[in-house]
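Engineer: Put together the whole structure using the sequences plus the hints.
One line per chain: the protein sequences are A and B, in this order. Residues in the first sequence are numbered consecutively from 1, following this note's numbering. Residues in the second sequence are numbered consecutively from 227, following this note's numbering.
No lab work stands behind these hints: they were computed from the structure. Note that CB positions come from ideal geometry on N, CA and C, so glycine has one too. Any given hint might turn out to be false.
Covered, in the sense of this in silico footprint (three residues per stretch, anywhere, with C-beta under 8 Å from a C-beta of chain B), are these stretches of chain A [what the hints assert, rightly or not]:
#1 3-14
#2 56-64
27 Å max Cα-Cα, derived DSSO-like pairs, lysine-lysine [as the list claims (entries may be wrong)]:
#3 236/B / 290/B
#4 132/A / 80/A
#5 78/A / 266/B
#6 290/B / 80/A
#7 266/B / 236/B
#8 266/B / 228/B
#9 77/A / 228/B
#10 232/B / 245/B
#11 279/B / 290/B
If you want the ones that stay clear, here's a sample from chain B, every Cβ over 10 Å from chain A, calculated [what the hints assert, rightly or not]:
#12 229
#13 266
#14 269
#15 273
#16 301
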Amino acid sequence: MKYAIIVFPGSNCDYDMYHAITGVMGEQAEFVWHREGNLNPFDVVVLPGGFSYGDYLRAGAIARFSNIMGEVVRFAKKGKPVLGICNGFQILTESGLLPGALLRNENLRFVCRHVYIRTENAETRFTSVLEKGQVLNIPVAHGEGNYFISREGYQELEEHQQIVFRYSNSRGEIIREANPNGSIGNIAGVINREGNVLGMMPHPERAMENLLGSEDGRAIFQSLAI
Amino acid sequence: MKVIVKVRLKSGILDPQGKAVNNALHHLGFEQVRDVRIGKYIEMEVEETDTAKVRELVEAACNKLLANPVIEDYEYEIIGESA
Chain A
1 MKYAIIVFPG SNCDYDMYHA ITGVMGEQAE FVWHREGNLN PFDVVVLPGG FSYGDYLRAG
61 AIARFSNIMG EVVRFAKKGK PVLGICNGFQ ILTESGLLPG ALLRNENLRF VCRHVYIRTE
121 NAETRFTSVL EKGQVLNIPV AHGEGNYFIS REGYQELEEH QQIVFRYSNS RGEIIREANP
181 NGSIGNIAGV INREGNVLGM MPHPERAMEN LLGSEDGRAI FQSLAI
Chain B
227 MKVIVKVRLK SGILDPQGKA VNNALHHLGF EQVRDVRIGK YIEMEVEETD TAKVRELVEA
287 ACNKLLANPV IEDYEYEIIG ESA
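Structural biologist: Given below as structure tokens:
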């Protein structure tokens, strides 16, 4: 597996991602600067977290028009896997690769802590080593992670099993208290209908080693390796 | 021509920023204040004299970048020819 890690001005989880993929998983990864253009040599594209273009205007709004995003869209249209974490998720919604939008957190706070997420769909290429209902301990770190989608859009997500993760407590109960940002339906991650573009606010690349609190994030990369 | 664009969250979408400012105003004694909502005000100069073309350009810019149609509405006014 060869991963492309897209780097925008303001990306800041790119090296964590590189360490997770190469140091922990033993896979290959290369940084791809947003002005460069060729994603053909890669099997997976990752849009890492951070504050691309300073989050100016709206988080992800400007990164979406960078040179590389045209390539990312073509890569995705070929059915190859694209993973957007945090700011990467915001870029994917802004670019229309994923439905919905990410609003400012309901409580206005930047939330930076470990949360639990429940696996809602274990049939995707990003979650196939997991069981449906399995709870993962993965940190979040964001100010704008409050997922919003229209009522009709939400129904479509449910009908097509596009909600991949929801915030839960450690027992997997989807309750309001477990929701760190006010997301509709406690949504933490969604996938496109074709099943090859996943966006999630929690950071699996920060949950790769028990020394750092959890290794539950490995499941995403293990699933992609299959 | 000078153009002023206002972008706001659609009605019905929670605006936590407006809510916090609303509460702050109450703490300061402005208790009559209700329903504060915060949006964006964008000024720009467009090098074009044909008003119809300016409208076309501004609407395209709003739909493409300045507003996110999933969560925001926009309106704009054209102020007049540049000095």
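Engineer: Give a verdict on every hint.
Structural biologist: Verification of the supplied hints:
no., hint, in the structure
1, 3-14, "violated (count 0)"
2, 56-64, "holds (count 4)"
3, 236/B / 290/B, "17 Å, holds"
4, 132/A / 80/A, "23 Å, holds"
5, 78/A / 266/B, "37 Å, violated"
6, 290/B / 80/A, "26 Å, holds"
7, 266/B / 236/B, "13 Å, holds"
8, 266/B / 228/B, "17 Å, holds"
9, 77/A / 228/B, "39 Å, violated"
10, 232/B / 245/B, "19 Å, holds"
11, 279/B / 290/B, "16 Å, holds"
12, 229, "16 Å, holds"
13, 266, "8 Å, violated"
14, 269, "14 Å, holds"
15, 273, "21 Å, holds"
16, 301, "17 Å, holds"
In summary, the structure is inconsistent with hints 1, 5, 9, 13 from the numbered list given earlier, while agreeing with the others.
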